[in-house]
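Kindly produce the complete structure, drawing on both the sequences and the hints.
What follows is the residue order along each chain.
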Amino acid sequence: MPLDLICPAGSLVSLKAAIDYGADAVYMGFRDNTNARAFPGLNFDEAQAAEGLRYAHDRGRRVLLALNTYPQPDSWSRWTGAVDRAAKLGMDAVILADAGLMRYAVKQHPQLRLHLSVQGSATSYEAVNLYREHFGIQRAVLPRVLSLPQVENVVRHTDVEIELFGFGGLCVMVEGRCLLSSYCTGESPNSAGVCSPPKAVQWTDTPAGLESRLNGVLLDRYGKNEKAGYPTLCKGRFEVGGETYYAIEEPTSLNTLDLLPEMLKIGIAAIKIEGRQRSPAYVTQVTKVWRAAIDAVKKNADSFKPTPAWQAELNKLSEGQSHTLGAYHRPWK
Amino acid sequence: MNLSLGPLLYYWARDDMLAFYAEAANWPVARVYLGETVCSRRHLLRLPDWLALAEQLAAAGKQVVLASQTLIESESDLKTLRRIVGDGRFQVEANEWGAVRLLSEAGVPFVAGHTLNVYNPDTLDVLAGLGAQRWLPPVEMSRATLASLLERAPAGMETEVFAYGRLPLAYSARCFTARHYNLPKDDCQFRCLDHPDGLLLSTREGEPFLTLNGIQTQSAGVYNLIGELSALRELNIASLRLSPQSRHMGRVVDAFHAALAGEHKAASALARLMPGQAIDGYWHGRAGLENSMEQHA
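Heads up: the protein sequence lines correspond to chains A and B, in order. If you use my numbering, the first sequence closes out at 333, no skipped numbers anywhere. If you use my numbering, the second sequence closes out at 1297, no skipped numbers anywhere.
What the hints contain is simulated information worked out from the structure, not anything from laboratory work. Where is the CB? At the ideal position from N, CA and C, for every residue including glycine. Each hint should be verified, as a subset may be incorrect.
Below, simulated DSS-like cross-link-like pairs (lysine-lysine); rule was C-alpha separation at most 27 Å, straight line [what the hints assert, rightly or not]:
#1 Lys288(A) with Lys265(A)
#2 Lys333(A) with Lys1185(B)
#3 Lys265(A) with Lys299(A)
#4 Lys333(A) with Lys1079(B)
#5 Lys265(A) with Lys305(A)
#6 Lys1079(B) with Lys1185(B)
Okay, the calculated beta carbon distance ranges per label pair [stated by the list, open to error]:
#7 Ala50(A) with His1043(B): 49 to 59 Å
#8 Thr307(A) with Glu1151(B): 51 to 61 Å
#9 Pro1208(B) with Gly90(A): 21 to 31 Å
#10 Met1293(B) with Pro110(A): 47 to 57 Å
#11 Glu1151(B) with Pro2(A): 40 to 50 Å
#12 Glu226(A) with Gly1061(B): 55 to 65 Å
Here is the structure:
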């Protein structure tokens, strides 16, 4: 089916909410650094994963497992063990970034369906097709850097299904190619499964305003009437050439509701909602809106227009209460 | 252990680039990486120009490697990539997996660049099977992790380590230099030309933090492993990559060359040639911006 809705499950409660409100599939991670949302209190142990799978499968939906960090040489068996567990549990697919781990998965579990993670940084059909030829991947999640015509060009030159991010936190960098977090804190998404990790965050009230620091580095300072957001490194205010501004990216969310008709037309297989670290309430609201929108666009793509109510609901849930089309829309670049 | 001159990550005036490589022909580097790896809009040297430079440097006894673009977005990016691979005269550094596919299809040995994200020996083995002869670890990899990876590295694989320069940390579809000037990327007016060592980004309390270089974000600090040569030798590292900067590059190369020959004063000579503070946190398994020398002082 085109435009499958893939929702984030950081916990069993979120998983059930996503399924109840119309996700076609959910994605989850195990409770360690084998996935890119390795936050304390988040993710699934084996028993919870099994329960989540039962809940989804009983309702005809699918569960995908993110194993999308890069295995480290000293703990290689943690990642291969996770692949083995995924196969044993009956995951509908594993989402991998590392070629070595893909080779292991193909060899040990030839029946296991493989998706190329956004962390694999594949932005061209040549890269996507390499993973197809060598590891038989069925789907690739593209980094949030291509414009829609560029995405279409990828779709046209591969038989791998293409999945795109539709909503949620916006990575301004090519996923898998950003080491800003480890530069500042020692931990990056690639090797530790975290970006701007909470344990490195420090808030201080000062006479100059509320300050957010990451491992001691000042990311931003907020005036009395400014709303402070989570201090993600790339969304701080910095000085460049004597000007202080959001030099890399504003605190904003990606929202591609407007692009749904085009995504349907060019044959996008699935839309991914970011946010395994968000609350079950967030998952509920976002899933509801996106289910309604995807149903509407499939019914009649020509007359599709996102309703003001959907946009208002999504804006409430967005970082900085604003949204952007990101790189799908060329002027953003 | 010998020296490699990494690809020029910045955008300079054509004459400056030509002069730089004319000088480089006389530097004690075994290998020179050529080509535009950051932004397809930078065109003052086009592929035929790079190939002409490659011939000159090869004639001067350098091993030449053509480095491929790190972020491929358009069909025209792929066209350039195919021409680089198809030329066949020089080895190519693959900086994303599309280039790996083209090189393995062509059946030619290649260099696996540091943005291929090789974090374990199994992935390195996959690349060896596809034709990689030489590789670079991700710049965030520590000495300890590299040591552990190399215990199971494929036979004959040569390792090159990024050992000097501002660290390339991130790539985006967005151009941060154009953004600074409130210009759209498609009409950037090539402002990178005004910043031959990138555009410094500091915190609101004036601490240098990052360097904006078009779509690439670099460290503000200058990674420097000149004090780690014995550790690098112990790991049997084949080459050290020195990343170009606009001033004093010949003297930077000389300092490393002297240090390799055992001259102890070379490291302090280097300190005066760097465009930013020295850093080496990654090598020691810490935050990249840290400097072990500072902590010991």
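Do the hints match the structure? See the list:
| no. | hint | verdict |
| --- | --- | --- |
| 1 | Lys288(A) with Lys265(A) | holds, 23 Å |
| 2 | Lys333(A) with Lys1185(B) | holds, 6 Å |
| 3 | Lys265(A) with Lys299(A) | holds, 13 Å |
| 4 | Lys333(A) with Lys1079(B) | holds, 22 Å |
| 5 | Lys265(A) with Lys305(A) | holds, 15 Å |
| 6 | Lys1079(B) with Lys1185(B) | holds, 21 Å |
| 7 | Ala50(A) with His1043(B): 49 to 59 Å | holds, 56 Å |
| 8 | Thr307(A) with Glu1151(B): 51 to 61 Å | holds, 59 Å |
| 9 | Pro1208(B) with Gly90(A): 21 to 31 Å | violated, 51 Å |
| 10 | Met1293(B) with Pro110(A): 47 to 57 Å | holds, 51 Å |
| 11 | Glu1151(B) with Pro2(A): 40 to 50 Å | holds, 47 Å |
| 12 | Glu226(A) with Gly1061(B): 55 to 65 Å | holds, 59 Å |
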